[in-house]
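Student: Full structure from sequences and hints, please.
Chains as they are written, first to last, in our numbering: chain S, 1 to 119; chain A, 1 to 357.
FYI, nobody ran anything at the bench for these hints, they're computed from the structure.
Treat the hints with caution; some may be incorrect.
[Claimed, not checked] Straight-line C-alpha distance at most 30 Å; calculated BS3-like pairs for lysine-lysine:
| hint | chain 1 | residue 1 | chain 2 | residue 2 |
| --- | --- | --- | --- | --- |
| 1 | A | K333 | S | K55 |
| 2 | A | K260 | A | K338 |
| 3 | A | K260 | A | K340 |
| 4 | S | K93 | S | K5 |
| 5 | S | K80 | S | K99 |
| 6 | A | K337 | S | K55 |
| 7 | A | K338 | S | K55 |
| 8 | A | K185 | S | K55 |
| 9 | S | K97 | S | K114 |
| 10 | S | K80 | S | K97 |
| 11 | S | K88 | S | K99 |
| 12 | S | K88 | S | K5 |
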Amino acid sequence: MEKDKLTHLEESLLAAVAALGEDAYGLAVYNKLCELEDDPNQGSMYVTLDRLERKGYLVSQYTLPLPERGGLPKKYYRVKPEGAAALKESFEKSKRKMKAVPNSFWRFVKWPIKFPIYK
Amino acid sequence: MAHKVPNIQIGKPRVLLTIAWRLLPISCRIDLWGDFHQTYTSPGLLIRRTFGAIRGALRAQTEERYYPGRALMQMLIIPASLLGTLTPFWAGVVAGSVTAGLFVRDVYTNPKNKGYACFLWDAVIATCLLIVFQALVFLRLSGQLIPEAPAIAAQSVAGAAGASYFRLIFRMPRNPFDRVLEDYKDILTINLLWITACQVLMYTSVVAVSYGPINILTGAPVAIGAVLIRLQSPRLGGVLAPQLMSLTTNPLQQRADHAKRTLALPAQTPAQRCVELGFFAVLLLPFAAALWKWWTKQDADIDWTHLCANAGSLLILSIFWLHVRELNDETVKALDKKVKDELKRLEKPPEKTDGDI
Chain S
1 MEKDKLTHLE ESLLAAVAAL GEDAYGLAVY NKLCELEDDP NQGSMYVTLD RLERKGYLVS
61 QYTLPLPERG GLPKKYYRVK PEGAAALKES FEKSKRKMKA VPNSFWRFVK WPIKFPIYK
Chain A
1 MAHKVPNIQI GKPRVLLTIA WRLLPISCRI DLWGDFHQTY TSPGLLIRRT FGAIRGALRA
61 QTEERYYPGR ALMQMLIIPA SLLGTLTPFW AGVVAGSVTA GLFVRDVYTN PKNKGYACFL
121 WDAVIATCLL IVFQALVFLR LSGQLIPEAP AIAAQSVAGA AGASYFRLIF RMPRNPFDRV
181 LEDYKDILTI NLLWITACQV LMYTSVVAVS YGPINILTGA PVAIGAVLIR LQSPRLGGVL
241 APQLMSLTTN PLQQRADHAK RTLALPAQTP AQRCVELGFF AVLLLPFAAA LWKWWTKQDA
301 DIDWTHLCAN AGSLLILSIF WLHVRELNDE TVKALDKKVK DELKRLEKPP EKTDGDI
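Tutor: Now the structure itself:
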């Protein structure tokens with residue numbers, strides 16, 4: 001399986017499925033995603049979940065039809081080891097980026113920006 | 001289950017709910033509808049959420065790695081095939097409209113549905129869209145067009161075939177040969193589509209050059225018809241004709257052998273290579289004739305825009321030939337493997353069960 005870079009939404013979805021553990025089905029993942037992202041879209045979420053499955057990062061299984069879903073089943077997702085590795089790699093990249101910015105930056109950044117004057 | 005509206009107890013306007021159900025993308029219809037049902041408050045909100053989900057699905061599919069490249073090539077190849085009959089502006093409008101149609105179509109194609117049938121449908125849909133759009137433009141701006149209806153139809157087929165080849169290359173499933181016997185007919189149709197695109201190209205090139213001696217090439221559609229009859233006629237021993245089954249050979253092997261004979265494989269011998277090169281040389285003949293006319297300063301009746309667009313299409317079709325050839329080669333290998341596995345399974349003695357002892 002070729003390695004693909006995770007997009008922002010893919011990373012958030014993997015994190016949401018990982019956070020939910022055994023309760024990770026569509027609507028629960030969407031609710032978790034609402035906590036992680038601003039205004040996520042359900043259509044985008046399912047297309048991206050499907051892509052993550054095709055990439056081999058997730059695995060899913062349908063339950064039996066349920067009355068509370070109008071006779072339709074729930075689809076439960078689990079993160080595969082490959083998905084966990086990709087998520088870890090992505091988090092480590094973010095950590096490296098965070099480390100690259102010095103703490104002093106957050107204290108002193110303010111508007112207007114001033115550049116030193118060279119003469 | 002995916003094609004039937006589930007028994008929904010919610011909301012009164014059932015027609016509205018049915019429309020919403022039909023509009024949802026097939027790949028996530030069950031999941032989305034289940035979620036909508038679970039969090040249902042009003043029909044209006046459900047419709048809003050349906051359209052929101054469709055918008056999201058359309059946007060999310062463009063994040064596929066192959067998607068931007070494919071859309072760009074599609075946008076380039078369609079106007080290139082239309083330049084002979086439309087002005088660049090209208091070619092761009094038509095290409096944009098067809099690409100938008102295919103973009104929406106992508107959302108309604110189930111990615112889990114393996115096989116080549118969906119690519120063939122793409123080709124049919126793209127052809128229909130191109131013909132319809134060109135007809136609309138023709139009706140609106142007839143003064144700017146070459147009034148040759150067959151040329152318009154021919155260009156449409158060439159553009160649509162080219163666009164669908166790009167879709168085929170980019171959307172080819174990872175492991176397409178696990179259903180090789182079921183997919184074989186679609187693979188053969190891809191071959192025929194390629195040949196048809198070549199013949200259409202040849203025809204339109206000749207029209208662009210209007211050069212006496214090579215006008216014989218415009219008889220190509222007749223030749224294609226003859227070849228198709230030859231392939232299908234049982235009296236002429238056509239490979240596509242119904243075959244008599246032998247009682248001494250395994251039926252699966254017979255089916256596989258029959259399928260293998262119809263696919264064009266990479267050239268193995270010098271003679272086969274010559275035939276392959278000859279085919280492309282014939283395709284280049286109108287362009288060579290145009291160059292000759294230009295060299296001898298008698299190029300007044302050559303439509304150069306048309307001819308250059310056709311030369312570009314020829315280049316693209318030549319590149320596609322490499323892919324089609326590879327596809328055929330892999331199909332033949334997959335067929336051989338299937339037959340080998342079947343024969344091995346038959347040779348193996350049946351396992352003894354407790355009942356036998």
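Student: Indicate, hint by hint, whether the structure satisfies it.
Tutor: Structure-based check of each hint:
Our distance criterion of 30 Å between C-alpha atoms is met by K333/A and K55/S, whose separation comes to about 26 Å. For the given pair, K260/A sits about 13 Å from K338/A by alpha-carbon distance, which is consistent with the 30 Å threshold. Note on K260/A and K340/A: the hinted pairing holds, with a Cα-Cα distance of about 15 Å set against a maximum of 30 Å. Between K93/S and K5/S the alpha-carbon distance is near 11 Å, which keeps this suggested pair within the 30 Å criterion.
For the hint linking K80/S to K99/S, the alpha-carbon distance of about 28 Å falls within 30 Å, and the restraint holds. Distance check on the hinted pair: K337/A and K55/S sit about 27 Å apart at the alpha-carbon level, within 30 Å; holds. For the proposed pair K338/A and K55/S, the alpha carbon gap of about 27 Å is at most 30 Å, so the pair holds. At most 30 Å may separate the alpha-carbon atoms for a hinted pair to count; K185/A and K55/S meet this at roughly 29 Å.
For the hint pairing K97/S with K114/S, the CA-to-CA distance comes to about 24 Å; that is within 30 Å, so the pair holds. With a C-alpha separation of about 26 Å, the suggested pair K80/S and K97/S falls inside the 30 Å cut-off, and the hint holds. A threshold of 30 Å between alpha carbons decides the hint, and for K88/S with K99/S the separation of about 16 Å falls inside it, so the pair holds. A hinted pair counts as satisfied when its Cα atoms are at most 30 Å apart, and K88/S with K5/S qualifies at roughly 12 Å.
Every hint from the earlier list agrees with this structure, and none is contradicted.
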